[in-house]
Amino acid sequence: MSHKCLMHGFRTVLIWDSSFREEAGVRFLLRNHSALLVALVVGTAACSVTSYEQPVNTFAEASRDADTALKALNRSVTDAYTGLLKQRAAGTNAPVEFKPGDCLVKSDSCRLEITLEGQPQLLPPPPVAGNMVALMESIAAYADNLAALVGADTADEVTTHVNAALGSIESLAATIQEANPGGKKPAVNLSEFKTPVGDAVSWLVGQYVASVKIDGLRRATSEAQPVIAGASQVFQKASERAAIAPKEQMANRVQEAFETFQTHRTAANLDALLLSTEQFNQVLTARPADVFQRMNEAHQALANTLQRKDVTLAEASAMIEQYAREARKLAQIAKSFIDLSSKEG
Amino acid sequence: MLDLSRVNQIDAAAQEAENAIHDLQIELQAEGRLIRRQAFDAGRPLSAAEKVRLQEIGTAMRDLNNALIELSFVTVQQIDNSETVVVLKDRVNQINQNLSGSLDKLRKLEKFAATAARVADVLAQVAQGLAAVAVAVA
Chain Y
1 MSHKCLMHGF
11 RTVLIWDSSF
21 REEAGVRFLL
31 RNHSALLVAL
41 VVGTAACSVT
51 SYEQPVNTFA
61 EASRDADTAL
71 KALNRSVTDA
81 YTGLLKQRAA
91 GTNAPVEFKP
101 GDCLVKSDSC
111 RLEITLEGQP
121 QLLPPPPVAG
131 NMVALMESIA
141 AYADNLAALV
151 GADTADEVTT
161 HVNAALGSIE
171 SLAATIQEAN
181 PGGKKPAVNL
191 SEFKTPVGDA
201 VSWLVGQYVA
211 SVKIDGLRRA
221 TSEAQPVIAG
231 ASQVFQKASE
241 RAAIAPKEQM
251 ANRVQEAFET
261 FQTHRTAANL
271 DALLLSTEQF
281 NQVLTARPAD
291 VFQRMNEAHQ
301 ALANTLQRKD
311 VTLAEASAMI
321 EQYAREARKL
331 AQIAKSFIDL
341 SSKEG
Chain H
1001 MLDLSRVNQI
1011 DAAAQEAENA
1021 IHDLQIELQA
1031 EGRLIRRQAF
1041 DAGRPLSAAE
1051 KVRLQEIGTA
1061 MRDLNNALIE
1071 LSFVTVQQID
1081 NSETVVVLKD
1091 RVNQINQNLS
1101 GSLDKLRKLE
1111 KFAATAARVA
1121 DVLAQVAQGL
1131 AAVAVAVA
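Just so you know, the sequences run in chain order Y and H.
The first sequence: position 134 = 134 (the working numbering), numbered continuously.
One gets the working numbering by counting positions in the second sequence from 1 and adding 1000 to each.
FYI, nobody ran anything at the bench for these hints, they're computed from the structure.
Be a bit skeptical, because a hint or two may be false.
[Unchecked claim] Using 35 Å as the maximum straight-line C-alpha spacing, the simulated DSBU-like pairs for lysine-lysine come out as follows:
| # | chain 1 | residue 1 | chain 2 | residue 2 |
| --- | --- | --- | --- | --- |
| 1 | Y | K335 | Y | K106 |
| 2 | Y | K99 | H | K1108 |
| 3 | Y | K247 | Y | K99 |
| 4 | Y | K329 | Y | K99 |
| 5 | Y | K106 | Y | K71 |
| 6 | Y | K86 | Y | K99 |
| 7 | H | K1089 | Y | K247 |
| 8 | Y | K86 | Y | K106 |
| 9 | Y | K86 | Y | K309 |
| 10 | H | K1105 | Y | K247 |
| 11 | H | K1108 | Y | K247 |
| 12 | Y | K309 | Y | K247 |
| 13 | Y | K247 | Y | K335 |
| 14 | Y | K309 | H | K1051 |
| 15 | Y | K99 | Y | K71 |
| 16 | H | K1089 | Y | K329 |
| 17 | Y | K309 | Y | K329 |
| 18 | H | K1089 | H | K1108 |
| 19 | H | K1105 | Y | K86 |
| 20 | H | K1051 | Y | K86 |
| 21 | H | K1089 | Y | K335 |
| 22 | Y | K71 | H | K1051 |
| 23 | H | K1105 | H | K1089 |
| 24 | Y | K309 | Y | K99 |
| 25 | Y | K71 | Y | K247 |
| 26 | Y | K309 | H | K1105 |
| 27 | Y | K335 | Y | K99 |
| 28 | Y | K71 | Y | K86 |
| 29 | H | K1108 | Y | K329 |
| 30 | Y | K335 | Y | K86 |
[Said to hold, decoys possible] Pair ranges (Cβ atoms, derived):
| # | chain 1 | residue 1 | chain 2 | residue 2 | range |
| --- | --- | --- | --- | --- | --- |
| 31 | H | R1036 | Y | G101 | 48 to 56 Å |
| 32 | H | E1027 | Y | A318 | 31 to 39 Å |
| 33 | Y | T115 | H | E1083 | 54 to 62 Å |
| 34 | H | E1027 | Y | A94 | 25 to 33 Å |
| 35 | Y | E256 | H | P1045 | 15 to 23 Å |
| 36 | Y | A314 | H | E1016 | 24 to 32 Å |
| 37 | H | P1045 | Y | K335 | 38 to 46 Å |
| 38 | Y | E278 | H | L1034 | 49 to 57 Å |
Fair warning: this is a prediction, and the values are worked out from it, not measured in the lab.
Built from N, CA and C at the ideal position, the CB exists for glycine as well.
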């Protein structure tokens, strides 16, 4: 617990104490020592939860990038396979028919099928990783929910409402004046008057809100950790298999550029070959599995630091930053896969 | 405990097939390099037969690449359809619902606290205002 957090807690105690003595109208609020202790403890929760805002937001952003990357990989493998089916449909005698019952006036849909090795398949095929895409979307939504929880401005909104109540005091003073014509208007000077009751209530609510947030974060990350660990393993395997598709397309490009250069050895053909090998290198060195491994490590670190288990917030933040960097890079490379498959298509 | 055995099986089978294809491609690549190197070392252009063989090698490489695409598609599809993924999806959706519950709690707290603060403040100020009036009248 930092020195700053402790001083914050002590200040709470002093505000409470002065509020009690000044305002009779707040007798319904707490009076005993246990309330002061709660205020001190709760005071530290406010200090801790703000420290989590940045890493939680970064985790959410990284998860959005990981989601983008997985969608792009899904699309590129589906497009590559569609290209293959189209080659076979146009280049061979493989049967291409309407799906039975489709493409009639009263049909619900109109779809084609190609039969290869006795197996009919839809042409084009449906996206290959619908369930995994939905799972990653849910994980990205979970990360966004964590960010919404830690960033909720409930305490600020309460302060806004309390300040709005001050406006009603001015009109209240006017009402009293009307009820007492000829008497002096009660001296209610809003600029001088800083309602200690309003301030105290706002502050205490703020501290309670912070404790709700930190409790929510702890519970959610603890529940989610085994799920994120499982999803990470599935995505690691699926993404490496799916990355075959863009690699294949790049390999074919390199092979063509290589054969062209071997047949016509010109400077321009050599440059084209060099460019294609450089582009293929970038694709080969992108390891999608690493991003999903980092996702698990970053989330585990966040969960552990919230549970106060051997990981500092600084260590967790560093892991989250690494996840974010790799996810951003993979999202950029994966988007280029889609450009590639749409050109090849 | 999440069962990843089926996903692991699918992945292992795919990797084995990929490795077998990769081994074949390495052999074809080596054969192509040898043909070109022999012609270069002998100081002569490629013969017609060598050109045909190199074309066959190129075609075979592309066919093997296509086989990798099919393998990739089928593998990802099998992983996607596994029960593991369905179970994971359900669990994440539950966790998201619980998180929404925490957010709702904060929103309710905001409404309650705003009302409590307003009531406390107005009571306090009415008390002050009435006291001032009483003093003025007196």
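Taking each numbered hint in turn, which are not upheld by the structure, reported in ascending numerical order? 1, 2, 4, 9, 10, 11, 12, 14, 19, 22, 24, 29, 32, 33, 36, 38
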